[in-house]
Each structure stands twice: as structure tokens, then as C-alpha cells.
Amino acid sequence: MEIRQLGSAGPAVSRFALGAMTFGGDTDEATAHEMLDAYVEAGGTLIDTADNYGGGVSERIVGRWLNSRPGMRERVLVATKGRFGYPGASLTPAYLRGAIDAGLSRLGVDHVDLYQLHGPDDEHRVDEIVDFLAEIVTAGKARHVGVSNFAGWQVAKLARLLAERGGPPLVSQQIQYNLLARAVEWEVVPAGVDAGVGTLLYGPLAQGWLTGKYRRDQEPPEGTRVAQAGEQTSEAWHRRNTDDVWDVIDALRDVAHAHGVTPGQAALAWVADRPGVTAPIVGARTVAQLRESLGAATLRLDERATARLTEVSAPVTPNYPYQMIERISGWHG
Numbered sequence: 016m017e018i019r020q021l022g023s024a025g026p027a028v029s030r031f032a033l034g035a036m037t038f039g040g041d042t043d044e045a046t047a048h049e050m051l052d053a054y055v056e057a058g059g060t061l062i063d064t065a066d067n068y069g070g071g072v073s074e075r076i077v078g079r080w081l082n083s084r085p086g087m088r089e090r091v092l093v094a095t096k097g098r099f100g101y102p103g104a105s106l107t108p109a110y111l112r113g114a115i116d117a118g119l120s121r122l123g124v125d126h127v128d129l130y131q132l133h134g135p136d137d138e139h140r141v142d143e144i145v146d147f148l149a150e151i152v153t154a155g156k157a158r159h160v161g162v163s164n165f166a167g168w169q170v171a172k173l174a175r176l177l178a179e180r181g182g183p184p185l186v187s188q189q190i191q192y193n194l195l196a197r198a199v200e201w202e203v204v205p206a207g208v209d210a211g212v213g214t215l216l217y218g219p220l221a222q223g224w225l226t227g228k229y230r231r232d233q234e235p236p237e238g239t240r241v242a243q244a245g246e247q248t249s250e251a252w253h254r255r256n257t258d259d260v261w262d263v264i265d266a267l268r269d270v271a272h273a274h275g276v277t278p279g280q281a282a283l284a285w286v287a288d289r290p291g292v293t294a295p296i297v298g299a300r301t302v303a304q305l306r307e308s309l310g311a312a313t314l315r316l317d318e319r320a321t322a323r324l325t326e327v328s329a330p331v332t333p334n335y336p337y338q339m340i341e342r343i344s345g346w347h348g
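Each number in the numbering used here corresponds to the 1-based position in the sequence shown with 15 added.
Read the hints as simulated data drawn from the structure, not as lab findings.
Quick caveat: nothing in here was measured; it's all calculated off a predicted structure.
Mixed in with the good hints, there may be bad ones.
To be verified - What follows is a set of in silico ranges between Cβ atoms, one per label pair, in the way DEER data are often shown: (1) Lys228 <-> Asp146: 40 to 50 Å; (2) Arg180 <-> Thr257: 42 to 52 Å; (3) Ala303 <-> Thr153: 37 to 47 Å; (4) Arg180 <-> Ala117: 47 to 57 Å; (5) Ala45 <-> Lys228: 17 to 27 Å; (6) Ala109 <-> Pro85: 21 to 31 Å; (7) Tyr335 <-> Gly70: 24 to 34 Å; (8) Thr239 <-> Arg315: 23 to 33 Å; (9) Ala322 <-> Glu44: 36 to 46 Å; (10) Asp146 <-> His272: 47 to 57 Å.
C-beta: ideal position from N, C-alpha, C; glycine also.
Produce the complete structure using the sequences and hints provided.
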């Protein structure tokens with residue numbers, strides 16, 4: 016699997032990361048361990064979890080796998096996140112100190128390779144956490160730091176404050192990005208590129224919509240993620256059962272057929288090579304699903320296919336300020 020650098024100052028990571036959100040929920044421990052083995056066998060090097068995945072169970076499963084595989088801790092990078100899911104959750108240093116210590120304990124390690132703030136906190140200023148991030152790197156609890164779900168201006172501000180105060184560089188942002196969710200191209204991805212921050216992206220298959228399993232105007236099968244999605248979620252059937260979405264999926268099926276791959280693999284290849292992207296995070300409920308996604312690890316779409324998918328999935332540009340900026344400078348995200 017191709018190796019890429021995470022941001023201008025981060026570690027080298029594989030083209031695909033492995034997401035452990037399902038571990039301890041839809042995926043039992045034995046299956047999770049099999050998935051982790053399959054990922055490493057395919058050349059993967061970055062495992063992403065969070066303290067609130069399964070109420071901490073995901074971290075425990077990853078930790079037990081690491082400890083049962085001699086030499087594996089030196090072979091893979093472990094990333095976790097803190098911010099949600101527990102009483103008093105916030106971005107205050109007092110809360111985060113307890114969160115990272117608890118995460119390290121569940122993982123059974125003395126440090127993580129990447130510690131990420133899982134989301135912003137409107138009640139607390141971004142600059143309040145600069146000293147905390149410096150503290151955990153100096154203490155050896157985290158080798159690198161990043162954020163997830165932050166706005167572009169927050170990424171830019173935090174990266175600047177860390178640099179001004181001599182803290183560790185911000186090496187990553189983790190965001191949702193796929194053929195059906197491209198609004199991050201207007202501000203979030205460019206802010207990261209400008210700040211030297213690498214982009215890890217979750218939801219590269221749009222919660223299953225880009226796998227090809229769903230059909231136009233046919234209710235999703237029982238037991239699928241879309242069928243179980245809440246009314247307010249982005250993947251809910253009533254939100255995405257539109258002609259624009261089906262046009263993207265139809266084009267994706269055509270591109271996949273022409274390349275002899277599945278629609279999901281084509282979708283992963285497209286987003287993995289988008290400007291500013293370091294690594295999509297692939298997740299799965301089963302080993303078979305994971306192996307299918309990993310089949311895209313070396314896939315490159317041809318120029319014509321890439322252009323077709325980029326054009327058909329282009330989001331409508333908001334009138335202001337983006338349409339005006341495009342007219343003035345030709346900038347388009």
C-alpha cells in the first residue's frame with residue numbers, strides 16, 4: 016500500500032487508514048481482530064479509534080489485539096480521539112487530561128501516535144487547549160496531535176497558535192468527505208493544506224450509499240445502515256433519495272464497470288486522490304466488507320473517469336461568497 020506523509024510534519028501513513036468505530040458494537044472482538052490482521056497484511060499502518068466508540072470498548076479491543084501480536088506496536092500507528100461521550104465532556108484541559116489517560120489505559124499503551132480533539136466546543140476558546148496539546152506531547156503521551164470535525168477557521172487558528180507558542184505542529188484534521196459530501200472543499204480542506212495539516216477522512220462510502228447496494232426508488236433492505244438511520248442523519252433515505260444523488264451513483268456504477276471493480280472501490284479511489292487528502296478511513300462490519308474496500312488500496316481511476324465523477328458530484332456553489340470569489344479569481348475550493 017502506498018505510504019504518504021500526514022501533513023508537513025506528521026508521520027508516514029498508509030494510503031488507507033482503518034476505522035475501529037464498529038468494534039464492540041456491530042463487530043465482535045474476534046471479528047475485529049481478524050479485520051485488524053487483514054488490514055496489516057494488506058500493508059495498512061494507521062488504526063483510528065476514539066474513547067467514545069462503544070463506550071471505550073473499541074479502544075480495549077484494539078489494545079488487546081496489539082498486546083497479543085508481538086512486535087505489532089512498533090509496526091502500526093495508533094490514533095484515538097477525546098471530546099465526547101462522558102460526563103463533563105468538553106475541550107477543557109482538565110477534562111482532556113483525564114480522557115487521554117483513560118484512553119491510554121484502555122489501549123494498554125504508554126502513548127498514542129496521534130491524539131485528536133474529536134470536535135469543537137463553543138463554550139471554550141480554541142486557544143485554551145494549546146497548552147494541553149503541548150503538555151501531552153512533552154509528557155510522551157502523544158507523538159502527534161490533530162483535530163476532527165473542526166471548521167476551517169478553527170484549524171487555521173489552532174495551527175497558528177501552536178506555532179506562535181512553540182507547541183507541537185497540528186498534523187491532521189479528520190473530516191467527512193465523499194462523492195456525496197463535498198462542501199469541505201470550499202474552506203475546510205484548503206485551510207488544512209495552507210496550514211500544512213494532512214486530511215484523514217471518514218465516511219468515504221457515504222454510510223454505504225456509494226457501495227452500489229441501494230437502488231433508485233427502492234426502499235433500503237432491512238438491516239442495512241440506511242434502513243436503520245435516524246431521520247436526522249445525513250444518510251437517511253428521505254434525505255438522499257434524490258435525482259442528484261442517483262445521478263452520482265449511476266455514474267459511479269459505470270466507472271466501476273469500466274475499471275472492473277466495485278462501485279465502493281471506485282468511490283474510495285476517487286476520494287483517496289483528491290487534493291489535500293492523505294488517507295480515507297475505511298471501516299466495516301465484516302471481514303468481507305473490509306477486504307472489498309482494501310481492494311481499492313492500489314486502484315487509480317483514469318483521468319476521464321475521475322473527471323466524470325468530479326463533475327457529476329459537484330455541489331451547488333452558494334451564491335455568496337463563493338460564486339463571487341469564483342468570478343473574481345477563478346478559485347473553486
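Going down the list of hints, with the structure as the test:
1. Lys228 <-> Asp146: 40 to 50 Å: holds (47 Å)
2. Arg180 <-> Thr257: 42 to 52 Å: Given a distance of about 46 Å, which is inside 42 to 52 Å, the answer is holds.
3. Ala303 <-> Thr153: 37 to 47 Å: Holds - the Cβ-Cβ distance for alanine 303 and threonine 153, about 43 Å, lies within 37 to 47 Å.
4. Arg180 <-> Ala117: 47 to 57 Å: violated (26 Å)
5. Ala45 <-> Lys228: 17 to 27 Å: holds (25 Å)
6. Ala109 <-> Pro85: 21 to 31 Å: violated (37 Å)
7. Tyr335 <-> Gly70: 24 to 34 Å: violated (43 Å)
8. Thr239 <-> Arg315: 23 to 33 Å: Distance hint for threonine 239, arginine 315 holds at roughly 29 Å.
9. Ala322 <-> Glu44: 36 to 46 Å: At 43 Å between Cβs, range holds.
10. Asp146 <-> His272: 47 to 57 Å: holds (53 Å)
Violation of the numbered hints given earlier is confined to hints 4, 6, 7; the remaining hints are satisfied by the structure.
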